[in-house]
Amino acid sequence: MKKDSLIIANKKFNSRLIVGTGKYKSMSECAKAIKLSGAEIVTVAVRRVNISDKNKPLLMDYIDPKKITYLPNTAGCFNSKEALRTLRLAREIGGWKLVKLEVLGDKKNLFPDMIETLKSTEVLAKEGFKVMVYCNDDPLMAKRLESSGADAIMPLAAPIGSGLGIQNKINIQIIRKQTKLPLIIDAGLGQASDATIAMELGCDGVLVNTAIAKAKKPLEMALAFKNAVIAGRQSYKSGRIDKILMGNPSSPSKGII
Amino acid sequence: MKKIKKIKIKINGKIKSIIQDSNLSMVLKNLKIPLNKVAIEFNEEIIDKKKINKIKLNKNDKIEIVHFIGGG
Numbered sequence: 639m640k641k642d643s644l645i646i647a648n649k650k651f652n653s654r655l656i657v658g659t660g661k662y663k664s665m666s667e668c669a670k671a672i673k674l675s676g677a678e679i680v681t682v683a684v685r686r687v688n689i690s691d692k693n694k695p696l697l698m699d700y701i702d703p704k705k706i707t708y709l710p711n712t713a714g715c716f717n718s719k720e721a722l723r724t725l726r727l728a729r730e731i732g733g734w735k736l737v738k739l740e741v742l743g744d745k746k747n748l749f750p751d752m753i754e755t756l757k758s759t760e761v762l763a764k765e766g767f768k769v770m771v772y773c774n775d776d777p778l779m780a781k782r783l784e785s786s787g788a789d790a791i792m793p794l795a796a797p798i799g800s801g802l803g804i805q806n807k808i809n810i811q812i813i814r815k816q817t818k819l820p821l822i823i824d825a826g827l828g829q830a831s832d833a834t835i836a837m838e839l840g841c842d843g844v845l846v847n848t849a850i851a852k853a854k855k856p857l858e859m860a861l862a863f864k865n866a867v868i869a870g871r872q873s874y875k876s877g878r879i880d881k882i883l884m885g886n887p888s889s890p891s892k893g894i895i
Numbered sequence: 266m267k268k269i270k271k272i273k274i275k276i277n278g279k280i281k282s283i284i285q286d287s288n289l290s291m292v293l294k295n296l297k298i299p300l301n302k303v304a305i306e307f308n309e310e311i312i313d314k315k316k317i318n319k320i321k322l323n324k325n326d327k328i329e330i331v332h333f334i335g336g337g
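Protein sequences, first through last, are from chains A and B.
Everything in the first sequence is counted per our numbering, starting at 639 for the first residue and increasing by one.
Everything in the second sequence is counted per our numbering, starting at 266 for the first residue and increasing by one.
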């Protein structure tokens with residue numbers, strides 16, 4: 639079979655599953671889950687160093703940024719100013735240019751503020767960042783993001799951490815049809831089959847955190863998501879049959895005794 | 266004996282007393298900050314980590330030190 643890589647901002651990845659590193663019981667569990675998921679990109683948050691407890695384990699000690707691509711996010715930012723500040727700092731930590739922009743608009747539903755998101759995308763693209771953008775599942779906004787310089791469109795399936803799965807398949811399909819940019823479902827998946835559905839709709843990848851980290855068995859779920867993404871991609875590439883209303887026998891009707 | 270003068274600055278939102286005429290490099294060294302894993306803001310401006318020994322600290326300076334942690 640031909641190699642089927644995911645290409646984001648000219649960089650090739652073999653895995654189409656991106657995983658978050660939050661909400662795990664421990665850093666070692668997180669590192670094990672990443673390994674089992676096969677993910678080559680992981681999202682990370684930028685936060686203050688704990689200056690009173692210097693012995694606290696560091697993420698970089700568990701997940702080697704030379705082997706796994708860190709995708710710094712702007713989680714917790716509610717306006718463009720905060721998001722830009724966060725990603726500029728992230729870049730300073732070690733030259734990270736590939737980033738996940740996420741500007742939230744509401745503390746309860748965590749939906750993105752698309753006006754602030756658009757503004758930030760434009761500024762970041764001009765500053766040389768490669769921006770993967772968390773957005774709502776609105777095809778018009780996706781188009782605006784594309785012309786603002788986004789490197790990947792990442793619509794939500796459902797609210798962050800909700801586990802509801804893809805709520806608006808039609809919109810995702812419309813976005814797929816209109817964009818050549820990597821399309822990655824970000825947020826709201828609950829189980830492995832949700833990832834398969836995303837891939838079967840033609841998405842280039844999925845980003846999962848809570849559904850793995852908070853599963854009863856996170857390591858098993860990490861593997862399930864890995865397989866689900868592969869299955870969904872293969873299914874999409876294989877070209878599904880047309881849907882028909884009535885039955886169509888699988889065995890020949892000729893020669894019936 | 267000459268008394269060592271101290272000044273108060275803010276690091277990651279916490280007030281810290283440091284010796285007057287310290288530079289940023291000395292303070293970060295005392296805190297055992299792994300410089301290759303952090304980014305630093307000095308009075309709301311991101312600074313080049315290579316230049317921290319040139320930054321003299323004054324009363325009420327604000328320093329933010331950030332790193333990567335788990336997140337989605």
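No lab work stands behind these hints: they were computed from the structure.
All values derive from a computational prediction rather than experimental measurement.
One thing to keep in mind: the hints can contain errors.
Now the stretches of chain B that chain A is said to cover, found in silico as 3 or more residues with beta-carbon under 8 angstroms [unchecked claim]:
(1) 270–284
(2) 289–296
(3) 322–331
When the alpha-carbon atoms are kept at most 25 angstroms apart in a straight line, the in silico DSS-like pairs for lysine-lysine are as follows [unchecked claim]:
(4) B:324 to A:694
(5) B:275 to A:694
(6) B:302 to B:268
In this text, a Cβ means the ideal position worked out from N, Cα and C, and glycines have one as well.
Comparing the hints with the structure gives:
Evaluation of the coverage hint for the stretch 270–284 of chain B: fulfilled, as 4 residues show C-beta separations to chain A shorter than 8 angstroms, against a requirement of three. Only when three residues or more bring their CB closer than 8 angstroms to a CB of chain A does the claim for the stretch 289–296 of chain B stand; here the count is 1, and the claim is violated. Proximity of the stretch 322–331 of chain B to chain A, defined as three or more residues with a beta carbon under 8 angstroms from a beta carbon of that chain, is established by the 3 residues found. Of the pairs offered as hints, the one joining residue 324 (chain B) and residue 694 (chain A) is violated, with about 29 angstroms between alpha carbons and a cut-off of 25 angstroms exceeded.
Of the supplied pair hints, the one linking residue 275 (chain B) and residue 694 (chain A) holds, its CA atoms being roughly 21 angstroms apart against a limit of 25 angstroms. Pair hint residue 302 (chain B) plus residue 268 (chain B) does not hold up; C-alpha atoms about 36 angstroms apart against a cutoff of 25 angstroms.
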